[in-house]
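Asker: Sequence:
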Amino acid sequence: MDSHYNSVHNTTLLAMGASEFTEQAPLSAVPVELETISQNLWQGNMFLNEEFTLKNLINQRQNYPYPIIHLATHAQFNSGNISNSYIQLWDEKLRLNQVRKLGWSQPPVELLVLSACQTAVGNKEAELGFAGFAVATGVKSVLASLWLVSDEGTLGLMTEFYSHLGNTNIKAEVLRQTQLAMLKGKVAIKDGILRGSGSRGEVSLPPELAHQKNQNFSHPYYWAGFTMVGSPW
Numbered sequence: 764m765d766s767h768y769n770s771v772h773n774t775t776l777l778a779m780g781a782s783e784f785t786e787q788a789p790l791s792a793v794p795v796e797l798e799t800i801s802q803n804l805w806q807g808n809m810f811l812n813e814e815f816t817l818k819n820l821i822n823q824r825q826n827y828p829y830p831i832i833h834l835a836t837h838a839q840f841n842s843g844n845i846s847n848s849y850i851q852l853w854d855e856k857l858r859l860n861q862v863r864k865l866g867w868s869q870p871p872v873e874l875l876v877l878s879a880c881q882t883a884v885g886n887k888e889a890e891l892g893f894a895g896f897a898v899a900t901g902v903k904s905v906l907a908s909l910w911l912v913s914d915e916g917t918l919g920l921m922t923e924f925y926s927h928l929g930n931t932n933i934k935a936e937v938l939r940q941t942q943l944a945m946l947k948g949k950v951a952i953k954d955g956i957l958r959g960s961g962s963r964g965e966v967s968l969p970p971e972l973a974h975q976k977n978q979n980f981s982h983p984y985y986w987a988g989f990t991m992v993g994s995p996w
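The numbering of the sequence shown is our numbering, which starts it at 764 and goes up by one.
Incorrect hints may appear among the rest.
[As the list claims (entries may be wrong)] Here are the simulated lysine to any residue pairs, SDA-like style, with alpha carbons at most 25 angstroms apart:
| id | residue 1 | residue 2 |
| --- | --- | --- |
| 1 | K856 | F810 |
| 2 | K949 | A973 |
| 3 | K953 | A935 |
| 4 | K947 | G964 |
| 5 | K949 | A935 |
| 6 | K949 | R963 |
| 7 | K949 | L911 |
| 8 | K887 | Y849 |
| 9 | K947 | N977 |
| 10 | K818 | F784 |
Since the hints were derived computationally from the structure, they do not count as laboratory data.
Hey, can you work out the whole structure from these sequences and the hints?
Answerer: Put into structure tokens, the structure is as follows:
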């Protein structure tokens, strides 16, 4: 683990993800998540659905050394051969054994955010799953999940996380502040609007999610499954 501290303040992030799938349930919150993070809460470039390909993921990082990479999609960890586990891209699956080919160590990615299910789940052949593999290949810190997460709850957590990231130096402390805000009921959907703590502003939800008039994310199911792997700094 590389424990040297490098600030991510005033950096540019790469935000990529998919909301539509042929064999899996849609993720209606992903477009809102990517746009809010890359355009409002942070400075970055966003690529959605057809643009979320393995070739584009590799090319974007080769063209610019993004210190933060944010991936929002489906993921699944399966026992057995490590190639059985995957992160779903638009037209293919990024297998666990392909992580080393992404070039995330030159220069090192300072923060990888895996906004998907079970991205920190592993076994004795792949400790901590995708998060563990990413750290082993040179990524400094990975924010990942231990179980099947809620689409709208993850939207709340991720937008809250980035609203704190610009004000706090230690990434693990940013996650702690985010989880405390959710525990205290400061992150919630009310009348089709996602509200968070502080002054980040409100996030309007798409029709698919706006029908949820009131939803509180204080239950640990929504926030306790996310963990920081690698360097806490």
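Asker: Next step is simple, just say for each hint if it's right about the structure.
Answerer: The hints, checked one at a time:
no.: 1; hint: K856 <-> F810; result: holds (17 angstroms)
no.: 2; hint: K949 <-> A973; result: holds (18 angstroms)
no.: 3; hint: K953 <-> A935; result: violated (28 angstroms)
no.: 4; hint: K947 <-> G964; result: holds (18 angstroms)
no.: 5; hint: K949 <-> A935; result: holds (19 angstroms)
no.: 6; hint: K949 <-> R963; result: holds (12 angstroms)
no.: 7; hint: K949 <-> L911; result: holds (22 angstroms)
no.: 8; hint: K887 <-> Y849; result: holds (17 angstroms)
no.: 9; hint: K947 <-> N977; result: holds (16 angstroms)
no.: 10; hint: K818 <-> F784; result: holds (18 angstroms)
Hint 3 from the earlier list is the only one contradicted by this structure; the remaining hints agree with it.
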